[in-house]
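So the sequence lines, in the order shown, correspond to chains A and B. So for the first sequence, numbering that gives the first Met the number 0 puts the first residue at 0; every next one is plus one. So for the second sequence, numbering that gives the first Met the number 0 puts the first residue at 0; every next one is plus one.
Treat the hints as calculated values from the structure; they're not laboratory data. Beta carbons are placed, not taken as given, at the ideal position from N, Cα and C, and that holds for glycine. It cannot be assumed that every hint is accurate.
Said to hold, decoys possible - Derived Cβ-Cβ restraints for the label pairs, each shown as a range:
(1) A:LEU21 / B:LYS94: 45 to 53 Å
(2) A:SER1 / B:LEU336: 51 to 59 Å
(3) B:GLY377 / A:LEU9: 20 to 28 Å
(4) B:VAL378 / A:VAL10: 20 to 28 Å
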Amino acid sequence: MSPPLATLVLVALAGALFMLPLLPAIVELRLKRDAQPLNVIQQHAGEIRHFANGFRKVAVELQIPLRECIATGTSAAGKLPDGDEYLVLGRADNEPWMRGGKPLAICRVVVAAGIDVVLPDEMTFVKEIYAAGQLTGGKGSTYRAILGDQDVHLQRASKVTRWAHAVGAFRAEHDCDLYGRASSDQEIDLQSGCIFQRLNAPRISFGHPTAAVDRVKSVASDAIGDLPSSPAPIARTLHDENVDIPPGAVIPGSIVTRGKLRIGAGARVLGSAKSDKAMTVDAGAYVEGSLISSGTMHIGRNCRVGGPVVAEHGMVVDSGTQCGAIRTPTTVSAPTIEIEEGALVFGTLWARDEGRVVPKA
Amino acid sequence: MIYCLFAIVALISIYTGRHYGFTLNRLFGFQRHPYIDIDTAEWPDVTVLVAAHNEEKVITNILAALMAVNYPQEKMLVVPVNDRSTDRTREIIDKFSDEHPGRIRAFHRESGKGGKAAALKDAMQMVETEVILIFDADYIPGRGLIKQLVAPFFDPEVGGVMGRVVPLNVGTNLLTRLLDLERSGGYQVDQQARMNLRLVPQHGGTVAGVRRSALLEIGGWNDNSLTEDTDLTFRLLLAGWKTVYQNRSECYEEVPETWPVRIKQIMRWAKGHNQALVAYGFHLLFGKHRATPRERIDGVLLLGVYAMAPLTLIGWFLALALFYAGTAPLHGVIALLAFTAYAATGNFAAFFEIAAAARLDYTRQRICLLPFLVLGFGVSIFSVSRAVISQLMAPLTGAQFHWDKTERFRTTP
Chain A
0 MSPPLATLVL
10 VALAGALFML
20 PLLPAIVELR
30 LKRDAQPLNV
40 IQQHAGEIRH
50 FANGFRKVAV
60 ELQIPLRECI
70 ATGTSAAGKL
80 PDGDEYLVLG
90 RADNEPWMRG
100 GKPLAICRVV
110 VAAGIDVVLP
120 DEMTFVKEIY
130 AAGQLTGGKG
140 STYRAILGDQ
150 DVHLQRASKV
160 TRWAHAVGAF
170 RAEHDCDLYG
180 RASSDQEIDL
190 QSGCIFQRLN
200 APRISFGHPT
210 AAVDRVKSVA
220 SDAIGDLPSS
230 PAPIARTLHD
240 ENVDIPPGAV
250 IPGSIVTRGK
260 LRIGAGARVL
270 GSAKSDKAMT
280 VDAGAYVEGS
290 LISSGTMHIG
300 RNCRVGGPVV
310 AEHGMVVDSG
320 TQCGAIRTPT
330 TVSAPTIEIE
340 EGALVFGTLW
350 ARDEGRVVPK
360 A
Chain B
0 MIYCLFAIVA
10 LISIYTGRHY
20 GFTLNRLFGF
30 QRHPYIDIDT
40 AEWPDVTVLV
50 AAHNEEKVIT
60 NILAALMAVN
70 YPQEKMLVVP
80 VNDRSTDRTR
90 EIIDKFSDEH
100 PGRIRAFHRE
110 SGKGGKAAAL
120 KDAMQMVETE
130 VILIFDADYI
140 PGRGLIKQLV
150 APFFDPEVGG
160 VMGRVVPLNV
170 GTNLLTRLLD
180 LERSGGYQVD
190 QQARMNLRLV
200 PQHGGTVAGV
210 RRSALLEIGG
220 WNDNSLTEDT
230 DLTFRLLLAG
240 WKTVYQNRSE
250 CYEEVPETWP
260 VRIKQIMRWA
270 KGHNQALVAY
280 GFHLLFGKHR
290 ATPRERIDGV
300 LLLGVYAMAP
310 LTLIGWFLAL
320 ALFYAGTAPL
330 HGVIALLAFT
340 AYAATGNFAA
350 FFEIAAAARL
360 DYTRQRICLL
370 PFLVLGFGVS
380 IFSVSRAVIS
390 QLMAPLTGAQ
400 FHWDKTERFR
410 TTP
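Isolated chain A (complex conformation) (with noise of 0.2 Å):
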């Protein structure tokens, strides 16, 4: 080979080892295969309640089977556009939880139920539930989602693994499992021993066992009141150390604290409480703003928050302590949440990662 063509041969092919790391990053120039802005425009914004919506235009689709079964008193079975199978129930009896005599573990098909229903213990649905009366739910069942148009009821060791929403209350009994979501557009009431992740209702409390519609509007009476919880802009004063508010003191503004905040015994806040690290607030304190804290949080007995509630690493939350109220409802947030019976919460608690009523020492 002569020395000009052995200097073209090791340029080209100089040349083309530059060029192929290039060479996926053309083709990709060229082909647009990943040239699509990022979808970031959620139009259901967190809305808790969107998986609820989008199964109610499936509830929607079986009325009209619905109202026949009830008109007749029987029950139905057949496919939605989707392909799902679905069994639609206009009487109460057992007979479609049965095979052969005995009850079944599995209902693999959609249900809806035009009347007050109570579903068998035991027993594993894997697709939605839609009832339009009440629903009572049986011991120890799982379910995948519930869409309630009245109460709906779930007894002992449950488990709801997507969503459960109800247009009446939502009540839950002891060691009931909720992943997920679960809101109410009245009332949520979840007794000792049940997991939850994400809540919403007007009210949610825990270890109430009579809890009722009605209860909503009487809880005004007994709440704290409409607060000011938004961020007005009042004095704030910053700390670099721990901070002790003695107990009974009032502070006339907010408070934010580079150390550990503890709020003393029936202290009182008149702005919002921050604190970079552990914050504990002790019984029957009461702060008008919100409570951050980037660590853990403890809220002894009896307190009362108007704002929203956060905690970046772990919170509990005792007996007898009132979160938000009826008209100025407000969020808890926490990794993890440890709730006492007796406590009330008034618009979203949001544990990521577990949720747990515990019973009142």
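Since the structure of chain A is provided, determine the placement of chain B on it from the hints.
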């Protein structure tokens, strides 16, 4: 000469380590999103300022999007800040204002000092609320964005909030695709890591919010600054207010589609950033104020980002000069090992960050464009260096800083 080179290499190594630290934090560290779950609250009154200077191509989109958000209507007032526009911006704003009485109150500015900060400063006379949100006119907020940006203000330590910027015109050409990758790395990794590590997330001046009382406490908008956002970040920090970053509060923007526009944009950013470095750098590091030690260090590194471009160029020049002068730093072998180690890891740091961002965004193919970022890097390093030189020469040449608005490209309103 060799000690200068050592100093530059040391600085570059610090930034390299920082890139790696941020990326590893995003991939494996504890992620902080403390306010994103606040979805129910007694929402405060809020004023949304929309900075607009000759924005007829884009202003319709943002006003329409703001009218569709899920924030309580009676608590949100939109104030389009029409800054001396000579196109149809005023007409479009007035039309929207008429169509949505009580929800939009136009602020038409017909004279005064140029620049966004000056316009916002004048528009403060329209603001009566404690929470102020700011958008540039080319942004398109989603339905839930306002609540997400307001939520952090329930924290009394928060003075500023910044959301994530996501390019809308990604597929237009190579530049927009590179900017999409850069934005992804900058927000998905860089900003969120600074939030995670309690460092200094930067206020971006758009998709952003500021607490009115905090703003008043630090003296309001600084209309002498070319980047009012950087200036705001550091004045808030020095006064003990936090700026927080909300990675899940995403908003579309339009990125430059031509290189000259991009170069102008990055030169303005560089000049503004360097202004802030001079104004606050020393005081931030050594002064008596409310920033924590880690905020002091990160803040200075953040302020120094644009100063690194000319320093890198000087480093390249020194390395070549020393090589031809026959100097073998650190006895040759050590230098060779250091060079090899850096070539294997250091050069890749920023690319690693962007690749990690693409992975976190679940985007697969666009990561193939990574090698082309060398092009963007090259253009940036020379543009920023040019900006720094012109800034240094300004006292001699008598050149005045002026604010260059970024040109818009959208064709369908």
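Hints, verified against the model:
no.: 1; hint: A:LEU21 / B:LYS94: 45 to 53 Å; in the structure: 49 Å, holds
no.: 2; hint: A:SER1 / B:LEU336: 51 to 59 Å; in the structure: 40 Å, violated
no.: 3; hint: B:GLY377 / A:LEU9: 20 to 28 Å; in the structure: 26 Å, holds
no.: 4; hint: B:VAL378 / A:VAL10: 20 to 28 Å; in the structure: 26 Å, holds
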